[in-house]
Amino acid sequence: MTRPHLYLAAAAMLALVACSGKPSASSGPAAMAATPTPSTSVASERGDFGPPQGEPIHAVLTSPPHVPPPIHRNYPAKVIVELEVIEKEMPISEGVSYTFWTFGGTVPGSFIRVRQGDTVEFHLKNNPNDKMPHNIDLHGVTGPGGGAASSFTAPGHESQFTFKALNQGIYVYHCATAPVGMHIANGMYGLILVEPPEGLSPVDHEYYVMQGDFYTTGKYREKGHQPFDMEKAIDERPTYVLFNGKEGSITGDNALTAKTNQKVRLFVGNGGPNLISSFHVIGEIFDKVQPEGGTVAQHNVQTTLIPSGGAAIVEFRTDVPGSYVLVDHSIFRAFNKGALGILKVDGSENKSVYSGKEVDSVYLGDRAGSNLQAVTTAATAHAAGTLTKEDQIAAGKQLFAGTCSVCHQANGEGLPNVFPPLAKSDLLAADPKRAMTIVTHGLTGKVTVNGHEYDSVMPPMSQLTDDEVSNILTYVLNSWGNPGGQFSKDEVAKARAAAASAPAAEH
Amino acid sequence: MRALALACLGLLLALPAAAAEYAALPGGTFTSVLPADGKAAPAQVAPFRLRTELVTNAEFLAFVKAHPAWRRDKVARILADARYLTQWASADTLGDEVLPRQPVTRVSWFAAQAYCESERARLPSWYEWEFAAAADATRRDARADPAWRESILGWYSRPSTTALPQIGGAANIYGVRDINGLVWEWVDDFNALMVASDSRDQGDPDLLKFCGAGALSMQDKENYAVLMRIAMLSALKAADTTNNMGFRCAKSD
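Top to bottom, those sequences are chains A and B. Going left to right, the first sequence walks through residues 1 to 507 as this note's numbering numbers them. Going left to right, the second sequence walks through residues 1 to 253 as this note's numbering numbers them.
Keep in mind that a hint or two might mislead.
Said to hold, decoys possible - Beta-carbon label-pair distances, calculated as ranges:
1) A:Thr142 to B:Arg71: 42 to 52 Å
2) B:Thr162 to A:Gly105: 52 to 62 Å
3) A:Pro56 to B:Thr162: 33 to 43 Å
As the list claims (entries may be wrong) - Derived coverage of chain B by chain A (criterion: at least 3 residues anywhere in the stretch with Cβ under 8 Å from a Cβ of chain A; other residues may be distant):
4) 157-171
5) 237-247
No wet-lab data here; the hints were simulated from the structure. Cβ coordinates follow ideal geometry from the N, Cα and C atoms, glycine included.
Bound-form chain A, shown alone (with noise of 0.2 Å):
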């Protein structure tokens, strides 16, 4: 019922603040009050409050998907920030590592949470077997280069510059090391939050997540160590997009979690290097939005645009339980190089607003699955030339469980005259091998299986790896009745190869 009012009186002193022009000049002393009223909720202006009071402050620093507690301080304070650059080998995906430059060991870098008005004391140190110099330019800093040209660091040594938090908001900070767009491919990127003086309002979960693009030399999911690709960084063609540094990062058992009836709040950066994010909840509605970080709110918004090295604040209820997928809507990037990721509700139905039927595996595909652990397995175990039939099938169930069970579901019955059965397949048994250009090239057209006609569409499945073809495949020639066998990664390479020639030839 008052929300109107306040909204107009929020109208009325934001025209006045832009009548004022330069409303820090102006408002600065007047701000310098060490506790400044909770209802200065046109919180725009820029805040020194003096000095800083009382005994330094450690920050507490959390790893994604984590945010720090909030901070129930009404006086600014002197803040100790350590933050450690680590270069580590990690998985970027399921069997698949990459050589990350973290800020504090995770991709994106540590979340840190000041208050508006603090004096921040940065102190950045460079792991002794780190092996390149790092610095860090923090968005929240008012200065040259964010603190870049102050935090310069060799490795096995630190670095500090100390800078006061003037402005409110969600900020970025990222490595401004030459080449700087490599070193923040490499992952080299997180969030700082400074709070306004009132604090934010209280809501029952808040989580971190940053998007950024990754640029291999490898195709897509390609197994191994995948080394940098300057080439591809430089002409903006990433092999992934990932939420929080790792395909799966949040989905499966590390999904963000809600009930029903729960206020969240999401801290959404994006690092890039290159790419801008179009973020969006599936399934969800952002009741607010505070775009690009900014103080001014924006309410009922689907989809938000989030700018390479930008972040915005997102709040909303959850209302029906289930799966929302959180994806980048340039959605080719969401289902095929990995910007996806889950938040998961639970509670009571609420049917008045949902009836209730669960849609994960269609958006999922593979990600619909609680985890791909056995994938991991499989790769690690070709790399190490000790892959069994088993380790295969067991890669292949999880891979069939999100790419093919849409259509040809989890029992491999298929749908009556539409999708044909892979259960007991009287055509997969008559030419087996026939199976790996089916999956790599598609099938159209009438086919007869088991007695029953089916006139359809499968489209070539070309974003599978031929390693995820042959266990996917050793898994349904060892599932529901049918004869069994295996096919190895080179032996679908040279299918592939075979059929890709083919019509070539014929042409």
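Starting from the known structure of chain A, arrange chain B on it as the hints suggest.
Only chain B this time, still in chain A's reference frame:
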């Protein structure tokens, strides 16, 4: 008995230091990633000789024994930081973890310079080093070949949590080994690389340290692999040591 054997081993390993090999390099006009005039002028490199191998732990141990002022427990802190030679078991023994033929790292610029003087040599200049590193096994200037660049970038993308390989990699056309892909190397003028010849043209001398200016320096995308080495050198002070910074010496012809 065991100590005696170890001491003998140490002596044996120390011997090659006396006979460090230097390869003759012709020098000449050379297009550096750092133009001589700050714009486009090529660098002039006089003929010089360059150590074919990086200085090893065994060699540096022999040097420290002969010049105790450079022991890690004796060295002045303004000449080498607290990490100086800390990978060794003690001030005058390598220990089991450190191999004699690994390149010595965690040495400061001052210590490297002093070592080279003991070989009646000096550290190479950046241009000399860059000239030597431009070669591959068959060509004096292989920089246009993507394979040459990949070999550098491959090293950048390998984490350095495992032990350093030993020296003795493939030689380039001059007979110089391991110049790319094993360690960073000190150069004589490491702290002058960022100083612009004309600050009115160049703007801020600390070009590579800044986001925007750093991007400007990357206009020639083929150069970034080498520029990253310059960024590394420019991050250091002369007393600094790091896990991956070693050196080799040079002589004027």
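Hint numbers not upheld by this structure, sorted from lowest to highest: 2
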